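*Asks:* Two chains, two frames, some hints: make the complex.
Line by line, the protein sequences give chains A and B.
Offset between the first sequence (1-based) and this note's numbering: plus 75.
Offset between the second sequence (1-based) and this note's numbering: plus 52.
Hints may be right or wrong, so weigh each one.
Claimed, not checked - No more than 20 angstroms apart at the CA atoms, straight line, and that leaves these computed lysine-lysine pairs for PhoX-like:
1) A:Lys171 / B:Lys89
2) B:Lys99 / A:Lys114
3) B:Lys169 / B:Lys110
4) B:Lys190 / B:Lys144
5) B:Lys143 / B:Lys133
6) A:Lys82 / B:Lys99
7) A:Lys82 / A:Lys118
8) B:Lys110 / B:Lys134
9) A:Lys109 / B:Lys143
10) A:Lys118 / A:Lys94
11) B:Lys190 / B:Lys56
12) A:Lys109 / B:Lys99
13) B:Lys201 / A:Lys118
14) B:Lys144 / B:Lys133
15) A:Lys94 / B:Lys99
16) B:Lys198 / B:Lys176
17) B:Lys176 / B:Lys201
18) B:Lys110 / B:Lys144
19) B:Lys169 / B:Lys133
20) A:Lys94 / A:Lys82
21) A:Lys113 / B:Lys169
22) A:Lys82 / B:Lys89
23) A:Lys109 / B:Lys144
What the hints assert, rightly or not - Listed next, with one range per pair, are the computed distances between beta-carbon atoms:
24) A:Glu100 / B:Arg77: 51 to 57 angstroms
25) B:Gln84 / A:Gln173: 19 to 25 angstroms
26) A:Gly143 / B:Thr180: 24 to 30 angstroms
27) A:Val153 / B:Gln84: 31 to 37 angstroms
28) B:Arg181 / A:Lys113: 30 to 36 angstroms
29) A:Gly168 / B:Leu184: 38 to 44 angstroms
30) A:Lys113 / B:Thr161: 18 to 24 angstroms
31) A:Lys113 / B:Gln157: 22 to 28 angstroms
32) B:Lys176 / A:Glu95: 41 to 47 angstroms
33) A:Gly143 / B:Lys56: 27 to 33 angstroms
34) B:Glu202 / A:Gly168: 49 to 55 angstroms
As the list claims (entries may be wrong) - Chain A regions said to be covered by chain B (calculated; three or more residues, Cβ under 8 angstroms):
35) 94-104
36) 121-131
37) 145-154
38) 177-185
Keep in mind that the hints were calculated from the coordinates and are not lab data.
Predicted model only: the values in this text are computed from it and were never measured.
We treat Cβ as the ideally placed atom computed from N, Cα and C, and that holds for glycine.
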Amino acid sequence: MDEVLSKLIALHDLDQLLKELESPEYQELGFEVKETRKKELLKRREELVRQIPEQVYRRYERLRKRYGRGIAPVVGGVCMNCFIQLPTAVVSGPDKNQRLETCSNCGIFIYLA
Amino acid sequence: MLEKLLREDRVILDMQATTKEEALRELLKPLQFDPSKEDIILDALLKRESIGSTGIGKGIAIPHTRSLVLDQVYLVVGRSKKGVDFDALDKKPVYLFFLLLAPPQDPGTVYLITLGKIAHLSRKLARTREYLEIDDPKAFVDYLLKLLKEE
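One chain only, chain B, in its complex shape (with noise of 0.2 angstroms):
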C-alpha cells in the first residue's frame, strides 16, 4: 500500500518551511485542496500535534491525521535541507517528513498499517541519512521504494 501512496508529485525535496504550521501547510500544498478543506485538514494535524510531536526523533516526522473531509489516504514526502524546529522528541530538527492523511474509516486500516511502515521505513532512513543527497523526486521515490524491499 505504501508503493502505491509514493508518488512524484507528491514529494518536495526544498522545503522552505521554517516553523511546524508552516512545514505543515508547505506539506499539504501538492494536495490541492480547496482552502476551506485544507484549513480544516491543517486543524486537525495541529490538533494532533498538540498531544505530542509526531517528530520521532532523528531527523524524522510523520504528521497524520484522519479527517472526515478527506475520500482517501494520502501521503506527501517532503525534505527540508536546513531543518524545522518541529518540536521533536530529540529536540533536534526534522529534514524529512511523512504526512499521512486519511479519511474516518479506511477498509482495512490502510492508515494504521501504513503508519506503521513508515515508522518502520524511517528507522532506515535515519542510518545512512542518504535521503538528504538525492535531488530529483523520482530518484527520491525510488531509493525509498528501494529501502522498503529490503528486509
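Next comes chain A alone, as it looks inside the complex (with noise of 0.2 angstroms):
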C-alpha cells in the first residue's frame, strides 16, 4: 500500500475516534476515556501530520470541511463520498493503493477496498 495512502487512512481512522469520543451515544456506553490521554492522542495527531506531505494534507483538511471526512473508501467501484461509478482503469488495475489517487468526480481521497 502506497505510504501516504496508509498515513491518511491512519489519520482518518483517527480524526473518527476523536469525533467519535465526543457523540453522546458513545459517551452514554461507559467506556473509560481518560482526558489527559486525549491530548496525547492529539499530539500522536500532530506527529503522523508531519509525515504527510504538506499539499496532501491541506487538501485532506480542505476535504474535510467538506464532506466530513478527506478520504472515502470506494466499493464495488463506487465513490462513497458521492456515489459514482469510478472508471475501471482507477479501481481495478493490478496496482490497487500502491498509489494515492482521488476521486475524478467529488476529488476525494479514495481506498479502493
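*Replies:* Dropping the structure here:
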C-alpha cells in the first residue's frame, strides 16, 4: 500500500475516533476515556500530520471541511463519498492502492476496498 | 444484529496471548485480513486503548474501533483461560474478549447498538463465569445466544 495513503487512512481513523468520543451515543456506553490521554492522542495526530506531504494534508483538511472526511472507500467501483461509479482503470488495476488516487468526480482521496 | 455477528469460526477458546497487543493481534487472526490492512486496524485499536482500557472489569474486555479499511461490521470472541493483563478498570486479568470492528459509516448505527448489547451481555456473563467451562465453539456461541435471549 502507498505509504502516504496508509498515513491518510490512519489520520482518518484517528479523526473519526476523536469525533466519536465526543458523541453522546458513545459516551452513554460508559467506556473509560481519560481526558489527559486524549491530549496525548492529539500530539500523536500532529506527529502523523508531519509524516504527510504538506499539500496532501492541506487538501485532506479542505475536503474534511467540505464533506466531513478527507478520504473515502471505493466499494464495488463506487466512491462512497459521492456515489459515482469510477472508471475501471482506476478501480481494478494491478497496482490497487499502490498510488494515492482521488475520485474523478468529487476529488476526495480514495481507498480501494 | 449481535446474533448475526456471532459465528463459530470467529470464536477462539484457547487464546495464547499474554499482553494487550498480542491479544488484539490474536483476535484479528480469524478475520484473515491482508497484513497491511491488519496493521492499520491494530493501530486504530491501540489508539483507542491508549485513551482508556476497554477492559470493563470482571474479566471482560470489549476492544473496538472503526476503520476506513473495513467493509462491514465484524465480531470476534476470544477466551483466555489463564487471563491477559489488559489494564482493565479493576486491574484484574481479562478472560473474555469481544472484538468489534466497523466501517466508518454503518446504516442504523449497528456498531454503537452492538457495543451496547455486548456491554449488557457482559454483565450477565460476569455473574456466573460459566463461559470458562465451555470448550466447543458451537456450544460457546449457543451459550451466548441463550444469554442474549434471556431478559
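*Asks:* If a hint holds in the structure, say so; if it doesn't, say that too.
*Replies:* The hints, checked one at a time:
Among the hinted pairs, Lys171 (chain A) with Lys89 (chain B) is consistent with the structure: their alpha-carbon atoms are about 13 angstroms apart, no more than 20 angstroms. Among the hinted pairs, Lys99 (chain B) with Lys114 (chain A) is consistent with the structure: their alpha-carbon atoms are about 12 angstroms apart, no more than 20 angstroms. Restraint check for Lys169 (chain B) and Lys110 (chain B): satisfied, since their Cα atoms lie roughly 17 angstroms apart, inside the 20 angstroms limit. In summary, the hint linking Lys190 (chain B) to Lys144 (chain B) is not supported, as the alpha carbons are separated by about 28 angstroms, beyond the 20 angstroms threshold.
Taking the CA atoms of Lys143 (chain B) and Lys133 (chain B), the gap is near 17 angstroms; set against the 20 angstroms cutoff, the hint holds. Annotation: proposed proximity of Lys82 (chain A) to Lys99 (chain B) holds, straight-line Cα distance about 14 angstroms (limit 20 angstroms). About 15 angstroms separates the Cα atoms of Lys82 (chain A) and Lys118 (chain A), which keeps this hinted pair within 20 angstroms; it holds. With a CA separation close to 14 angstroms, the supplied pair Lys110 (chain B) and Lys134 (chain B) stays within the 20 angstroms bound.
Distance restraint check for Lys109 (chain A) and Lys143 (chain B): the Cα-Cα separation of roughly 16 angstroms lies within the 20 angstroms cut-off, and the hinted pair is therefore satisfied. A hinted pair counts as satisfied when its Cα atoms are at most 20 angstroms apart, and Lys118 (chain A) with Lys94 (chain A) qualifies at roughly 16 angstroms. Restraint check: the Cα-Cα separation between Lys190 (chain B) and Lys56 (chain B) comes to about 14 angstroms, which is no more than 20 angstroms; the hinted pair holds. Pair hint Lys109 (chain A) plus Lys99 (chain B) holds up; C-alpha atoms about 12 angstroms apart against a cutoff of 20 angstroms.
Taking the CA atoms of Lys201 (chain B) and Lys118 (chain A), the gap is near 44 angstroms; set against the 20 angstroms cutoff, the hint is violated. The hinted pair formed by Lys144 (chain B) and Lys133 (chain B) meets the criterion: a straight-line CA distance of about 14 angstroms does not exceed 20 angstroms. A hinted pair counts as satisfied when its Cα atoms are at most 20 angstroms apart, and Lys94 (chain A) with Lys99 (chain B) qualifies at roughly 14 angstroms. As the CA atoms of Lys198 (chain B) and Lys176 (chain B) are separated by approximately 11 angstroms, the hinted pair is consistent with the 20 angstroms bound.
This hinted pair checks out: Lys176 (chain B) and Lys201 (chain B) have alpha carbons roughly 11 angstroms apart, not beyond 20 angstroms. Between Lys110 (chain B) and Lys144 (chain B), the direct Cα distance comes to roughly 7 angstroms. Compliance with the 20 angstroms bound is thereby established for this hinted pair. Restraint check: the Cα-Cα separation between Lys169 (chain B) and Lys133 (chain B) comes to about 24 angstroms, which exceeds 20 angstroms; the hinted pair is violated. Of the pairs offered as hints, the one joining Lys94 (chain A) and Lys82 (chain A) holds, with about 18 angstroms between alpha carbons and a cut-off of 20 angstroms not exceeded.
Annotation: proposed proximity of Lys113 (chain A) to Lys169 (chain B) is violated, straight-line Cα distance about 26 angstroms (limit 20 angstroms). For a cut-off of 20 angstroms, the pair hint linking Lys82 (chain A) to Lys89 (chain B) stands: about 12 angstroms separates their Cα positions. Restraint check for Lys109 (chain A) and Lys144 (chain B): the C-alpha separation of about 19 angstroms stays at or below 20 angstroms, so the hint holds. Checked against the hint of 51 to 57 angstroms, the C-beta distance between Glu100 (chain A) and Arg77 (chain B) comes to roughly 29 angstroms, which is inconsistent with it.
For Gln84 (chain B) and Gln173 (chain A), the hinted distance range of 19 to 25 angstroms is satisfied, since their beta carbons lie about 21 angstroms from each other. Checked against the hint of 24 to 30 angstroms, the C-beta distance between Gly143 (chain A) and Thr180 (chain B) comes to roughly 44 angstroms, which is inconsistent with it. The hinted range of 31 to 37 angstroms is not satisfied by Val153 (chain A) and Gln84 (chain B), whose Cβ atoms lie roughly 25 angstroms apart. Judged by the Cβ atoms, the range 30 to 36 angstroms given for Arg181 (chain B) and Lys113 (chain A) holds: they are separated by roughly 33 angstroms.
In this structure the supplied range 38 to 44 angstroms is violated for Gly168 (chain A) paired with Leu184 (chain B), their Cβ-Cβ distance being about 50 angstroms. Between Lys113 (chain A) and Thr161 (chain B), the C-beta spacing of about 22 angstroms keeps the proposed range 18 to 24 angstroms intact. The given range of 22 to 28 angstroms is respected by Lys113 (chain A) and Gln157 (chain B), whose C-beta atoms sit roughly 23 angstroms from each other. At about 26 angstroms, the beta-carbon gap between Lys176 (chain B) and Glu95 (chain A) misses the expected band of 41 to 47 angstroms.
Remark: the range hint 27 to 33 angstroms for Gly143 (chain A) to Lys56 (chain B) is upheld by a beta-carbon distance near 28 angstroms. Judged by the Cβ atoms, the range 49 to 55 angstroms given for Glu202 (chain B) and Gly168 (chain A) holds: they are separated by roughly 52 angstroms. Only residues whose beta carbon comes within less than 8 angstroms of a beta carbon in chain B count, and the stretch 94-104 of chain A has 6; three or more means the coverage holds. Counting residues of the stretch 121-131 of chain A whose CB lies closer than 8 angstroms to any CB of chain B gives 0, so the stated coverage by that chain is violated, three being the minimum.
With 4 residues having a beta carbon nearer than 8 angstroms to a beta carbon of chain B, the stretch 145-154 of chain A meets the requirement of three or more and the stated coverage holds. Under a criterion of three residues with beta carbons nearer than 8 angstroms to beta carbons of chain B, the stated coverage of the stretch 177-185 of chain A fails, only 0 such residues being counted.
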